Structure formats: C-alpha cells, structure tokens
Amino acid sequence: MSNILMPNRRQFLLSTAGLAGAAALSGILPASTARAAGLTVGFIYVGPKDDFGYNQSHAEGAAAVKAIEGVTVVEEEQVPETVDVQKTMESMISFDGAKLVFPTSFGYFDPHILTMAPKYPDVRFEHCGGLWTPKNPKNVGSYFGYIGMGQYLNGIAAGHATKSKKIGFVAAKPIPQVLLNINSFLLGARAVDPTITCQVIFTGEWSLAVKEAEATNALADQGVDVVTCHVDGPKVVMETAAGRGMYLCGYHANQSALAPEKYLTGAEWNWGKVYTDMVKTTLAGGTIENFVRGGLADGFIKMSPLGPAVSEKGRAQFEAVKADILKGGFAAIKGPLKDNKGNVVATAGQAFVETDVALESMSYLVEGVIGSTS
Amino acid sequence: MSMQAELAATAAGRAGFLSETAARRIEAVILPLAALLAGMIAFAIFLAFLGKSPLDFYLLVYKAGFGTAFSWTNTLARAAPLLLAALCVALPARLGLVIIGGEGAIVLGGVAAGAVAMLMPGLPGPAGIIAMALAAAAMGGLWIGGVGALRHLRGVNETIASLLLAYIAIALMNHLVEGLLRDPASLNKPSTAPLPETWRIGEIPGLGVHWGLAVGIIACIASWVLIERTTWGFAARIVGGNVRAAQIQGLPAGLLAIGFTALGGAFAGLAGMFEVAAVHGSANASLAAGYGYTGILIAFLARHNGLAIIPAAILFAGFEASSGLVQRRLALPDATVLVLEGMVFIAILLSDTLQDRFRFLAFLERRQK
Chain A
1 MSNILMPNRR QFLLSTAGLA GAAALSGILP ASTARAAGLT VGFIYVGPKD DFGYNQSHAE
61 GAAAVKAIEG VTVVEEEQVP ETVDVQKTME SMISFDGAKL VFPTSFGYFD PHILTMAPKY
121 PDVRFEHCGG LWTPKNPKNV GSYFGYIGMG QYLNGIAAGH ATKSKKIGFV AAKPIPQVLL
181 NINSFLLGAR AVDPTITCQV IFTGEWSLAV KEAEATNALA DQGVDVVTCH VDGPKVVMET
241 AAGRGMYLCG YHANQSALAP EKYLTGAEWN WGKVYTDMVK TTLAGGTIEN FVRGGLADGF
301 IKMSPLGPAV SEKGRAQFEA VKADILKGGF AAIKGPLKDN KGNVVATAGQ AFVETDVALE
361 SMSYLVEGVI GSTS
Chain B
1001 MSMQAELAAT AAGRAGFLSE TAARRIEAVI LPLAALLAGM IAFAIFLAFL GKSPLDFYLL
1061 VYKAGFGTAF SWTNTLARAA PLLLAALCVA LPARLGLVII GGEGAIVLGG VAAGAVAMLM
1121 PGLPGPAGII AMALAAAAMG GLWIGGVGAL RHLRGVNETI ASLLLAYIAI ALMNHLVEGL
1181 LRDPASLNKP STAPLPETWR IGEIPGLGVH WGLAVGIIAC IASWVLIERT TWGFAARIVG
1241 GNVRAAQIQG LPAGLLAIGF TALGGAFAGL AGMFEVAAVH GSANASLAAG YGYTGILIAF
1301 LARHNGLAII PAAILFAGFE ASSGLVQRRL ALPDATVLVL EGMVFIAILL SDTLQDRFRF
1361 LAFLERRQK
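Heads up: the sequence lines are chains A and B, in that order. The numbering of the first sequence is the numbering used here, which starts it at 1 and goes up by one. The numbering of the second sequence is the numbering used here, which starts it at 1001 and goes up by one.
Any given hint might turn out to be false.
Pairs of lysine-lysine, DSSO-like flavour, derived with a Cα cap of 30 angstroms [unchecked claim]: (1) Lys66(A) - Lys99(A); (2) Lys1052(B) - Lys66(A); (3) Lys99(A) - Lys1052(B); (4) Lys341(A) - Lys163(A); (5) Lys313(A) - Lys334(A); (6) Lys211(A) - Lys341(A); (7) Lys313(A) - Lys338(A); (8) Lys1063(B) - Lys119(A); (9) Lys1063(B) - Lys99(A); (10) Lys302(A) - Lys235(A); (11) Lys1052(B) - Lys1063(B); (12) Lys211(A) - Lys163(A); (13) Lys322(A) - Lys1063(B); (14) Lys322(A) - Lys273(A); (15) Lys273(A) - Lys135(A).
No lab work stands behind these hints, which were simulated from the structure alone. Just so you know, these numbers come straight off a predicted model, no measurement behind them.
Construct all of the structure, not just a fragment, from the sequences and the given hints.
In structure tokens, the structure reads:
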C-alpha cells in the first residue's frame, strides 16, 4: 500500500458535484415505464431458476402464466432475502407496472413483503409458504401445498426399492416444513416394511452443494440405498447418489432427467396450475383468498411418473395409497406414534390429517428416523 | 520520480503551471476513473460478443441505478451497508493489512444487536438503539481486532485469518440463531425475537433510506479525518509505508494495527446492527448477504480513502440496483453485473501498478531547478 491516494477538498467537491449533476439529470429524464395493456405479473426467485428444485418449480409456474393471453411476466432470479428483494418488488412495480407479484422464497415474507404491501395497496403480493394472518395487510396472500403427502408416497416407492432397509434424507435445516417431509418419507417406507430406518443429515444451509454431496456420500457409506432430500436445488444430491448406485426420490421438481434408471418418483410442486388459477382470478376482477392451501387432490402437488426401477408390487401399493390420498383426509402422522426420543406424539386413534395446521409447527423426528433436530 | 517520468518531463520542457504535488494528486484521481472506464469498455466488448447491445446495457444501468427518484432510493439503500463494510477493509489497509473478512463482523454485529434485544427488551427506544449499536460495534471490533492481534502477537496472516473467521462467524450465527437465541415462534425461518417496535430505526425523511446511510457517510468522513488529519492517522500511514522504519521511530506499530483493525470491525459490526434494526427486525441467516465482500471491491476502488468510498459505494450500489432490470429487459443472467464489477475491479488493480510510473501530467509541471 505504498501508492496511496490522498485527495484534497477540491477532489471531494468534484465528486460531490458529479453526484449532484447526476441527480439533476435524473430529474430531467422521466421514469419511462413500459406498462403493458393487460396484467403484468412479477416472479422473484431466491436462487437460479434452472436449479432442478425449488426455484425451477416456481419458474415452471411462471412459464405456465406466460401462456395466458393479456399477461406479461417479468422474472428475477438470485434475489437475496434482504433489502434487495424489497427493491426488486418496487422496481417491478415502478418500472414494469406489475400489479401482482409472487416473491417465492419463504424469507421474503417477514419483513420484506410486510414492508412493501402497505406502500403499494393496489398491488397484490402472493407469497409461498408464509402464514398470513388477519393482522397482515389485506393485499397480501400466502399459499402452500401439503407436499408431505408427496414425501409419504416417495417413502412407499423407497420402501419397495430398499434392500438394506436403510433409507436416507439430506435436509437443509430442522424447521417444521422439513421435519414433516422427513417423517412422512420414513412413515411411507414403514407402511411397506416397519423395520426400515431413515438416516437424516442436516447441511445447515438451503443451498450448499459441497455439504450436500458430502452428506449423500456419507449416507452411501452407511449402507443407505434410497435417498431423497429437502434442499433448494436437489441436483447435487441426485447426481451424487446416482453415482453411488443409490435409488432416488425427487423433490420440488422432476429430476428424472438426471438419472432416469435410478429415479423412482418424486414429490413435485404443481405451481403452473396454482398460478394460472390465481392470475385468471385477478384478470376476471376477482380477489384471491388470503390464505390458500392445497394438496394432491387440489393439484397443488403432483408425483413424477414412476421410474423403471419401481417393482410391480411397489407400483400397486403406490397407486392404491395415492388414490386414498386423493379422496382427502389422509393422515401420515397417526397414533400410536412416538418421536425418536421416546416421547408420544400421537396416541392410539389420534391422527393429524394433511390439512391440520398443527403440522406446520412440527418440532420432532419420529421413531425410526436416525438424527437429531438440534 | 521514476526515470521514464523524468525523461518525459524533461522532454516536455516543464513549461506547465502545476506543482508536482498537484499534478500527482490529479493523476491519482484520473487514473482510477480511467480504470473504471476501461473496465466498463472491456465489459462492453464482452457484451458485444454475447450479442447484446452495450449501449442498451449502460442505459439500463443508468436508468435503474441513477435515472429516476426510485432508482436513487434503490441505490442509496444498497449503498448504506456497503459504506461501513468498505471501511472495514480501508482502515486496516492504510497500515498495510489486507482484511477481507468484514462479512464475519457484519454477521456477528447483527447477532449481538439481536441478542441485546432479547436480553434487555425493557429498555426505552433510544437507549435500546444505543445499546444495540455499542454491542454490535464491540462485537465487530473484537472479531476483526482479534485478527489484528493475531497478526501482531502471533504473526498470523491477517488476510487468511479474517477470511476463515468469516466462515466461523456465519456458522456461529447459524448456531446461535437456530439454538440459544432462537425465538420459538420463528418456525420456518429461525430468527432472534423481533425487536421492540420502538427499537426499530426508521427512514431519513424524504429519502426512503434508513439512517444507516447517514451514519455510514459520517463514518467515512470521520475515517478520512482520522487518517489524514490526526497524528494517529499519520502514524498509521507511516506503519503502512514501512513497519521497520515506523518502529525505529518509536511508533507502536502493534497497537496501531490492533486499534485500526478493531475500528474497522466496529464499523462492520454497526452495518450488521443497521441490517437488524432498520431492515430485518431480528437477526437471522439473511445477515450473511455478502456486503462484506462487496466492501472489499469498494475499498480498493476508493484506494482506501474514506471520502472516495462514498462515491465508490454509490457507484457499486447503482450497479447492483440495476441488476434486476438488466435481467428483466435484456434477458441476461443475474451474474452479469458481477462480471462487470469484476472487470472494473481488475482494471483498478492494474491501474495501481501504473501509479507514479506513468506521469502523464508531468508536462504540466512548473520548471524546477
């Protein structure tokens, strides 16, 4: 650091004058916004929209919305859950004239959407995963799907495929949505064979490829032969697992293209249907409900087509349980059931059906899951 | 003066009107600006190869970063944490210490603020804000000051140490936010308890940007005064020039290193506090947003000068503010603006090697005896 700039007052004035000039220019140039005649819808993703996972599932939903006449879609990916997302929402509203925005990451809700919504009362903010309450602004809505049911069906396919009776789960963080998926996956497998156990490894981050690969390899080393995950982008887990000869159950989006021979099935979001419905409601002048939830029967989630590795017996049970779930009122979490520390979580006869809000604050791993929430 | 410069000056006959100091100072401003331009031109060529119009790109950057009132709000809101993050690099740099782990101090500063809110929620608003600021600054100061101390006492490389400590800081934050400090009500996004409403830091009236921006600008000006106009700053610059010479003169090189790293860390910690108190309302994993790393680019662009950090931070914030519109209008990937920032950064580093070697204003200097 021998060549150090030492400015004086003159330079400081120069730079300030430059700034002032730019500010003056900004007054002259109008905010020429390209407002489309119809409805402009904004989609915001926390990661890359081709991540074979969470963000891709929402981007596929956005792609479905593009097909609707009179709708312009604007998208932005890799937007952090900071002031960045607030400004992205405002930018879509002020530069693109967006009247409906889908900030899709969970962390966008509080405080970011809740800060922006009162500022733009004529814009609708629809958020995935948040728990809207009547205390929140009326122009905000939250929606989510009962994807735990999809992980239960994954578990059925896994239960038939496993030879070692050990299945595995690569998870991001021990939060309710993730715990419900882990528990559902194991309980699905135990519906096939009650001796099956599920080893879970938490990576601690939503997107951390190195740890996801390490966790998958660690599972393979322990004799696990079917794996699924709940991280933002399952690509690394799927490719690593296939490389180690394990069977795969997908999550978020369809990952069969990554390993067609090893892919059993997958729990996928079906945002295309959900978003198309919401946009059509808006176009027709209607109002979207503030709190929306749906499952397999409502078309919020769907299963990847069964892969070639699924046995006839597995196929039959998978289809039977799926038909059961489609009838509604299905409960994966039902008594008698203990957590993996021995505490009773459901007494005999007690059942938590998929729509039970209590499931959205789950804090335990059920008996048979090897791992700890802390 | 180098030989080439001497020759150039002689050849021009030194018929000019500037003193040598003034010429050098002007060069010191023009050179980074030229480098900025060179980086932007290099990026324009890159864009042209991709088949995109560089003109459209820069017009969009201007529009989204500086072209409208909303653009300015957007840019300044992003600049607020960057000002303080850049100081964490710039202050130690004046002593020749390259600290690149300011991210760790930002993250832990935020956690410290969140922890204060959980431990003493009964404090009235202003006292709460001051307590959070002190805790965050102390935490950041300890973290980066610790790097300075490791350097002074154990000879540990401060660049590597600060970077690795940033990873440890993020892991520590996750551990605390998901464990000891977790608000049980924060289900799917583990966070500390929400700050009391009176502890929240609001916006500067009429600007739409939180008070962290004002604090950042004041901190930049104060840092400039400290470095350029006080004996401590003078001593720090001597240490930065030549540690051995400074020690022979009796300057406390070690204490200065610890003090300046701690001060830089304290500023970064404050940035974390503003993120919690003005943006998020609680401490959580969103604190690790990369401001500490962008701060490195800004500090180098500003050549570690407190005053120059202000326009440099605003420029980079403007680049980032435009990232969204660039994605939406030109169908370019989100990394586009990062590539631009990288090219500008490389051009600036290259221009550093030209400083004082390439005396292009020497012909304007007054004849000397």
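Here is what the structure says about each hint:
1. Restraint check for Lys66(A) and Lys99(A): the C-alpha separation of about 15 angstroms stays at or below 30 angstroms, so the hint holds.
2. The hinted pair formed by Lys1052(B) and Lys66(A) meets the criterion: a straight-line CA distance of about 23 angstroms does not exceed 30 angstroms.
3. Restraint check for Lys99(A) and Lys1052(B): the C-alpha separation of about 29 angstroms stays at or below 30 angstroms, so the hint holds.
4. Proposed proximity of Lys341(A) and Lys163(A) is supported: the alpha carbons are some 26 angstroms apart, at most 30 angstroms.
5. For the given pair, Lys313(A) sits about 24 angstroms from Lys334(A) by alpha-carbon distance, which is consistent with the 30 angstroms threshold.
6. The straight-line distance between the Cα atoms of Lys211(A) and Lys341(A) is roughly 26 angstroms, inside the 30 angstroms bound, and the hint therefore holds.
7. A distance of roughly 29 angstroms separates the Cα atoms of Lys313(A) and Lys338(A); the hinted pair therefore holds under the 30 angstroms criterion.
8. Restraint check for Lys1063(B) and Lys119(A): the C-alpha separation of about 22 angstroms stays at or below 30 angstroms, so the hint holds.
9. Under the criterion of a C-alpha separation no larger than 30 angstroms, the hint pairing Lys1063(B) with Lys99(A) is consistent with the structure, at around 21 angstroms.
10. Note on Lys302(A) and Lys235(A): the hinted pairing holds, with a Cα-Cα distance of about 19 angstroms set against a maximum of 30 angstroms.
11. The hinted pair formed by Lys1052(B) and Lys1063(B) meets the criterion: a straight-line CA distance of about 17 angstroms does not exceed 30 angstroms.
12. With a CA separation close to 26 angstroms, the supplied pair Lys211(A) and Lys163(A) stays within the 30 angstroms bound.
13. Between Lys322(A) and Lys1063(B), the direct Cα distance comes to roughly 52 angstroms. Violation of the 30 angstroms bound is thereby established for this hinted pair.
14. As the CA atoms of Lys322(A) and Lys273(A) are separated by approximately 19 angstroms, the hinted pair is consistent with the 30 angstroms bound.
15. At roughly 28 angstroms between alpha-carbon atoms, Lys273(A) and Lys135(A) fall within 30 angstroms of each other, so this suggested pair holds.
In the structure shown, a violation is registered for the earlier hint numbered 13 alone.
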